[in-house]
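Engineer: Okay, here's what each chain looks like letter by letter:
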Amino acid sequence: MSDVTPIRTPAENALIAAFPAARKSLPGNAHVIALREAAFNRFEAKGLPHRRVEEWKYTDLRTALRDALPLADALNVADAAALAQSDSCLSSGDAFAELDAHRVVIVNGHFVPSLSSVNAQGVTVNDLAEALSTGAGIDALGTMAKADDSALALNAAFMQGGVVIDIAKGASVDKPIYLRFIVMGQEARAIYPRVLVTVGEGAAVTLIEAHQGGDGIAYQTNAVVEIKAGAKSHIQHIRLNAHGDAAIDLSSLGTDLGEAAEFKSMNFVMRPALARHQVFARFSGEHIKLDVSGAALLKGKQHADSTLYVDHAMPHGESRELFKHVIDDEAVGVFQGKIVVQPIAQKTDGRMMSQAILLSDDATMYNKPELEIFADDVACGHGATCGALDDDLLFYLRARGLPKPEAEALMLAAFIGEALEKIENDSVREALEAQTQAWLLARAVK
Amino acid sequence: MPAVKETVEQVKAIDVDQYKYGFETQLEVDKAPKGLNEDIVRLISAKKKEPAWMLEWRLDAYRRWLTMREPTWARVEYPEIDFQDIHYYAAPKMNAAPKTIDDVDPAILDTYKKLGIPLREQEILAGVQQSKVAVDAVFDSVSVATTFKEELKKAGVIFCSISEALHEYPELVKKYIGTVVPVTDNYYATLNSAVFTDGSFVYVPKGVRCPMELSTYFRINEKNTGQFERTLIIVEEGAYVSYLEGCTAPQRDENQLHAAVVELIALDDAEIKYSTVQNWYPGDKDGKGGIYNFVTKRGDCRGKNSKISWTQVETGSAITWKYPSCILRGEGSRGEFYSIAVSNGRQQVDSGTKMIHLGKNTTSRIISKGISAGHSQNTYRGLVSAHRRATGARNFTNCDSLLIGNNCGAHTVPYIESKNGSSIFEHEATTSKISEDQLFYCMQRGLSAEEATALIVNGFVKDVLQQLPMEFAVEAQKLISISLEGSVG
Amino acid sequence: MLEIRNLHVSIEDKKILNGLNLTVHDGEVAAIMGPNGSGKSTLSYVIAGKPDYDIHDGEILLDGENVLEMDPDARAAAGIFLAFQYPLEIPGVATMTFLKAAMQAQRKARGEEELSTAEFMKRVRDQAGHLGIPQDMLKRGLNVGFSGGEKKRMEILQMALLEPKFCILDETDSGLDIDALKVVSEGVNRLRAKDRSFLVITHYQRLLNYIVPDTVHVMAHGQVVKSGGKELALELEANGYADYKTLAA
Chain A
1 MSDVTPIRTP AENALIAAFP AARKSLPGNA HVIALREAAF NRFEAKGLPH RRVEEWKYTD
61 LRTALRDALP LADALNVADA AALAQSDSCL SSGDAFAELD AHRVVIVNGH FVPSLSSVNA
121 QGVTVNDLAE ALSTGAGIDA LGTMAKADDS ALALNAAFMQ GGVVIDIAKG ASVDKPIYLR
181 FIVMGQEARA IYPRVLVTVG EGAAVTLIEA HQGGDGIAYQ TNAVVEIKAG AKSHIQHIRL
241 NAHGDAAIDL SSLGTDLGEA AEFKSMNFVM RPALARHQVF ARFSGEHIKL DVSGAALLKG
301 KQHADSTLYV DHAMPHGESR ELFKHVIDDE AVGVFQGKIV VQPIAQKTDG RMMSQAILLS
361 DDATMYNKPE LEIFADDVAC GHGATCGALD DDLLFYLRAR GLPKPEAEAL MLAAFIGEAL
421 EKIENDSVRE ALEAQTQAWL LARAVK
Chain B
1 MPAVKETVEQ VKAIDVDQYK YGFETQLEVD KAPKGLNEDI VRLISAKKKE PAWMLEWRLD
61 AYRRWLTMRE PTWARVEYPE IDFQDIHYYA APKMNAAPKT IDDVDPAILD TYKKLGIPLR
121 EQEILAGVQQ SKVAVDAVFD SVSVATTFKE ELKKAGVIFC SISEALHEYP ELVKKYIGTV
181 VPVTDNYYAT LNSAVFTDGS FVYVPKGVRC PMELSTYFRI NEKNTGQFER TLIIVEEGAY
241 VSYLEGCTAP QRDENQLHAA VVELIALDDA EIKYSTVQNW YPGDKDGKGG IYNFVTKRGD
301 CRGKNSKISW TQVETGSAIT WKYPSCILRG EGSRGEFYSI AVSNGRQQVD SGTKMIHLGK
361 NTTSRIISKG ISAGHSQNTY RGLVSAHRRA TGARNFTNCD SLLIGNNCGA HTVPYIESKN
421 GSSIFEHEAT TSKISEDQLF YCMQRGLSAE EATALIVNGF VKDVLQQLPM EFAVEAQKLI
481 SISLEGSVG
Chain C
1 MLEIRNLHVS IEDKKILNGL NLTVHDGEVA AIMGPNGSGK STLSYVIAGK PDYDIHDGEI
61 LLDGENVLEM DPDARAAAGI FLAFQYPLEI PGVATMTFLK AAMQAQRKAR GEEELSTAEF
121 MKRVRDQAGH LGIPQDMLKR GLNVGFSGGE KKRMEILQMA LLEPKFCILD ETDSGLDIDA
181 LKVVSEGVNR LRAKDRSFLV ITHYQRLLNY IVPDTVHVMA HGQVVKSGGK ELALELEANG
241 YADYKTLAA
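Chains as they are written, first to last, in this note's numbering: chain A, 1 to 446; chain B, 1 to 489; chain C, 1 to 249.
The hints are simulated quantities; they were obtained by calculation from the structure and are not laboratory data.
Quick caveat: nothing in here was measured; it's all calculated off a predicted structure.
From the three backbone atoms N, C-alpha and C, an ideal C-beta is built for every residue, glycine too.
Any given hint could be a false lead.
Unchecked claim - Derived DEER-like restraints, expressed as beta-carbon distance ranges:
#, chain 1, residue 1, chain 2, residue 2, range
1, C, Pro91, B, Phe83, 30 to 40 Å
2, A, Ala399, B, Ala155, 50 to 60 Å
3, A, Leu410, B, Ala155, 56 to 66 Å
As the list claims (entries may be wrong) - Heads up, simulated EDC-like pairs for lysine to aspartate or glutamate below, C-alpha to C-alpha not over 20 Å straight-line:
#, chain 1, residue 1, chain 2, residue 2
4, C, Lys139, B, Asp463
5, B, Lys360, A, Glu318
6, C, Lys165, C, Asp52
7, A, Lys347, C, Asp13
8, A, Lys289, A, Asp349
9, C, Lys50, B, Asp103
10, B, Lys34, B, Asp103
11, C, Lys50, B, Asp437
12, B, Lys433, A, Asp377
13, B, Lys462, C, Asp136
14, B, Lys433, A, Asp361
15, B, Lys354, A, Glu54
16, C, Lys50, A, Asp377
17, A, Lys347, B, Glu436
18, A, Lys338, A, Asp148
19, B, Lys433, C, Glu89
20, A, Lys347, C, Asp243
21, B, Lys93, B, Asp82
22, B, Lys288, B, Asp82
23, B, Lys433, A, Asp362
24, C, Lys151, B, Asp437
25, B, Lys360, A, Asp362
26, B, Lys433, C, Asp52
27, A, Lys347, C, Glu12
28, B, Lys360, A, Asp391
29, B, Lys462, C, Glu89
30, C, Lys165, C, Glu113
31, A, Lys338, B, Glu426
32, C, Lys50, B, Glu450
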């Protein structure tokens, strides 16, 4: 890493110029303003991440982020309702339209209560913007995504709104809580949503995020979701990234896991021009089970990066990671996964796998699975494979009468399916299987 | 494998001092003053009576080096090196260049004898069970002897010190030096380009299968000196050579720098097998002293269907920073990397390989076995990449780490970059410890804890040991067990 | 030969053996039977010296000498052999290498001459022949990729080569089909001698049809709760362990 500060890019200059005004207009009491300033200083010191920053080696934001966009404005309630009628984004393109769930709608980074409905015992949902102003219920904010990372710092400096969700101790939430993030409007804007979820001891919940926005608009989003998983809690988290095809989407998931917690998280990437999803998971108790997975279907000049940092800080932890990339055309897939086992984390069992299928000669996959191990009584491993579809299998299927596109689609669906299998909720899994089928069908008729 | 028994006995024979090569040879020495500047570079070149172009090449490297920074990306920590506090040239005083082995200072011959490397050909031949191996002996900054030169010459093989090659075969050196590891490749390679003092030169002509194993034995003897050797191996079309290097140094409290550059060039259908048994002084149990081994080794599979295979057994050095790599340029060429890296005490190892697939249908294989004990840190760092045009590239990588004790670290940092759809890369890595159940099972059959550990470790590294020439495999096996001495308990 | 007095053992604070007493005489084949969880395998591990167990009280005497303070390898050299229920795999270590290392280590510990390679090879060939173990299996990594039956045969081969005086067979019949069971049993019977004793641990009576015991002991709740002749095994086969599950509670 070079310690010479490179010349600031236009985007960096624009972000630096925008902060003083944003600090005044964005919600937050004195404590939050201090948080914003500290975060901004971290960003200012580091600048946008680039290829010499090891964690961002394959996703160079200095190059990708040509300019910083103005922040998206808050919508008033009437606008939101009107938009709900008129904007095609809202009325269509909901991958989970049929899902029986508690709905939370976040438009352009702002919570819209009029479109949301959560009515479940033991669940409270509050507007983050309000919480930032009053300071109520946000003690844990920023404690789960603490890494010295520019994307995290930018979100902390510019976060506009979102929700604070509390799941009471012992609550078993009857249906999934579905957070629908929508980007609206024809102007490209920058959007910084944040979600803080606290799951009480022994509680069980399924959290779903779906992100969507219009095609052809080069908007930028930088979302952070923090989940505090109480002891013995059981959490399943599924994120669908169906942002518009010109969007640049940065997202971070930070989680702090309590004793014997079970946490499963999956990220499914479909459409955006550039997507970077980072997961920071910390084991704060013993006997935790963590399962992080991802699937990406990429084409054109898409670029999708999944970066994990799994910190086994306590003994008897188990982690499983499975990432699947299908890469067509000139698209680029990136997987970076780091499993750290601290000296006291004896009996850790960690296994990580990244698999990629490259469908075109111009496709690229970068894999960097990493083990950093300081305890001896562990069983850790990782694997990474990349290559074309298996010719022998393809031939076998074709010999049975399947035309090539269908045979390929069948194999790819099975490949992605291994990751989707981890989703416990049938309707959610089926919805993502449908998304996969649609993508494969579009490819087959190309 | 009778070696298991020998290993165990070897381990027992050693009580406190584990490093048996730690003695020092008392000699009169011709040394450059401490420090580095253009005059020192000129002095080295003058001592070697080099052609003018070589001096210019060195000076150019030196000037570039001044503008560079030490790399910091490896997982190693050490106090800042004072490059002005090192002697860049040290050679045993000799009245004239030794013409025959009898002209070499007997103290030096004795040193090598003690290290188990006889330099008198008749002594080598007297050892019945040993197969014939030609040796180039590099003592501090100079090559003191090269054996079997004449016999090799008859086969057309050139094997001599690089200083000699600069006089005898300047055109060959000029044509190839710096073409695999460019002068500005990295900080230490650039430094080496400016101040390298000696090393080996091998040229195997078209169609020749080198009739014996070639080897270089590096010995650092002088205090406060750096060793900067440079090795260049060129194997012409359809030719083959197997080359081995070994390294040791006296036991000292100060750290010493060893920054070598090795360049291999394989033309069409040529094959180079390069094996290293690295046993520089590792420092004492508290991390005092030891060699900083900062080495750039790279092979260029320039020709079609050429093959370069690196095998390394790394047990020594306080810090190891080395990544023997293959540039797979020729269509159908193949690169291999087999590594055993053992760390104990306060040793730090950051080692691995790069397999750069540029040509069509190129293949590579990486087998890395890391064993960490004591308070050591052992990192595998590797890159496998296939470029757009390297269609049909294949790689298989297997990195296993074994931890012995709870104060050490084992780390795996692979970079796997595939830029075309027809390449197939497979990578797998595991980290584990010797299981208590395995140990108990062996002990139930009568083996002591130490014997059981040695046995299991030998099993763990077997895939790599098999790649070494027979005699060296036995030697390496002993070395591994010795390195792990005191780690079970 | 072996005498166990008032043995109390626990693992991770869980009490497994509660004052167990057992005597096995020279040349005797003693069977230990008992329900799952009665402490049978623990007993075999404790005799062999597996480190995970806490011994609170009692003695294990082999020919009058207490072995509890001895390391597992010293116990092996003293003549204790445990045929594991689940033999361990040791990748990269050829079976032959392992056999030789173990034999020579024990001979050395006992102050005996090393075996010559020729003599060693001869013995291995003879014993492997009896057990139907092909030569190429001996070149493979120890137990790596072996079937359940092959692993058990390999345990008996080691027993035959190491010539112990006290042999423990821990659930040797588990996972064996009838043919493999016969081969293994014949291997054991061949080793029966007046200066060698056996402790045969099994859940089922089936094995005892092939290795006929002199005495049968029933274990429950970490104690020997009943002892008798070989007919006791048949009684257990007919009535099951139900009676014993509550006996010592």
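Engineer: Now tell me, hint by hint, if it's right for this structure.
Structural biologist: Status of the hints after comparison with the structure:
Take proline 91/C and phenylalanine 83/B: their Cβ atoms lie about 45 Å apart, and the range 30 to 40 Å is violated. At about 54 Å, the CB distance of alanine 399/A to alanine 155/B agrees with the hint of 50 to 60 Å. At about 59 Å, the CB distance of leucine 410/A to alanine 155/B agrees with the hint of 56 to 66 Å. Between the alpha carbons of lysine 139/C and aspartate 463/B the distance comes to roughly 15 Å, so the proposed pair stays at or under 20 Å and holds.
Restraint check: the Cα-Cα separation between lysine 360/B and glutamate 318/A comes to about 41 Å, which exceeds 20 Å; the hinted pair is violated. At most 20 Å may separate the alpha-carbon atoms for a hinted pair to count; lysine 165/C and aspartate 52/C exceed this at roughly 25 Å. For the given pair, lysine 347/A sits about 19 Å from aspartate 13/C by alpha-carbon distance, which is consistent with the 20 Å threshold. Pair hint lysine 289/A plus aspartate 349/A holds up; C-alpha atoms about 10 Å apart against a cutoff of 20 Å.
Taking the CA atoms of lysine 50/C and aspartate 103/B, the gap is near 62 Å; set against the 20 Å cutoff, the hint is violated. With a C-alpha separation of about 29 Å, the suggested pair lysine 34/B and aspartate 103/B falls outside the 20 Å cut-off, and the hint is violated. Of the supplied pair hints, the one linking lysine 50/C and aspartate 437/B holds, its CA atoms being roughly 9 Å apart against a limit of 20 Å. Restraint check for lysine 433/B and aspartate 377/A: the C-alpha separation of about 6 Å stays at or below 20 Å, so the hint holds.
Our distance criterion of 20 Å between C-alpha atoms is met by lysine 462/B and aspartate 136/C, whose separation comes to about 18 Å. Restraint check for lysine 433/B and aspartate 361/A: the C-alpha separation of about 41 Å exceeds 20 Å, so the hint is violated. At roughly 18 Å between alpha-carbon atoms, lysine 354/B and glutamate 54/A fall within 20 Å of each other, so this suggested pair holds. The hinted pair formed by lysine 50/C and aspartate 377/A meets the criterion: a straight-line CA distance of about 18 Å does not exceed 20 Å.
Pair hint lysine 347/A plus glutamate 436/B holds up; C-alpha atoms about 13 Å apart against a cutoff of 20 Å. The hinted pair formed by lysine 338/A and aspartate 148/A meets the criterion: a straight-line CA distance of about 15 Å does not exceed 20 Å. At roughly 14 Å between alpha-carbon atoms, lysine 433/B and glutamate 89/C fall within 20 Å of each other, so this suggested pair holds. For the proposed pair lysine 347/A and aspartate 243/C, the alpha carbon gap of about 39 Å is over 20 Å, so the pair is violated.
Under the criterion of a C-alpha separation no larger than 20 Å, the hint pairing lysine 93/B with aspartate 82/B is inconsistent with the structure, at around 27 Å. Using a Cα cut-off of 20 Å, the hinted pair lysine 288/B and aspartate 82/B holds, with the two alpha carbons roughly 17 Å apart. A threshold of 20 Å between alpha carbons decides the hint, and for lysine 433/B with aspartate 362/A the separation of about 41 Å lies outside it, so the pair is violated. Only pairs whose Cα atoms come within 20 Å are accepted, and lysine 151/C paired with aspartate 437/B is accepted, the gap being roughly 16 Å.
The straight-line distance between the Cα atoms of lysine 360/B and aspartate 362/A is roughly 15 Å, inside the 20 Å bound, and the hint therefore holds. For the hint linking lysine 433/B to aspartate 52/C, the alpha-carbon distance of about 17 Å falls within 20 Å, and the restraint holds. Taking the CA atoms of lysine 347/A and glutamate 12/C, the gap is near 15 Å; set against the 20 Å cutoff, the hint holds. A hinted pair counts as satisfied when its Cα atoms are at most 20 Å apart, and lysine 360/B with aspartate 391/A qualifies at roughly 19 Å.
Proximity of lysine 462/B to glutamate 89/C is assessed by CA-CA distance (about 15 Å); at most 20 Å being required, the pair is judged to hold. This hinted pair checks out: lysine 165/C and glutamate 113/C have alpha carbons roughly 19 Å apart, not beyond 20 Å. The suggested pairing of lysine 338/A with glutamate 426/B holds, with an alpha-carbon distance near 18 Å, which does not exceed 20 Å. Distance restraint check for lysine 50/C and glutamate 450/B: the Cα-Cα separation of roughly 16 Å lies within the 20 Å cut-off, and the hinted pair is therefore satisfied.
Hint compliance for this structure: hints 1, 5, 6, 9, 10, 14, 20, 21 and 23 are broken, all remaining hints hold.
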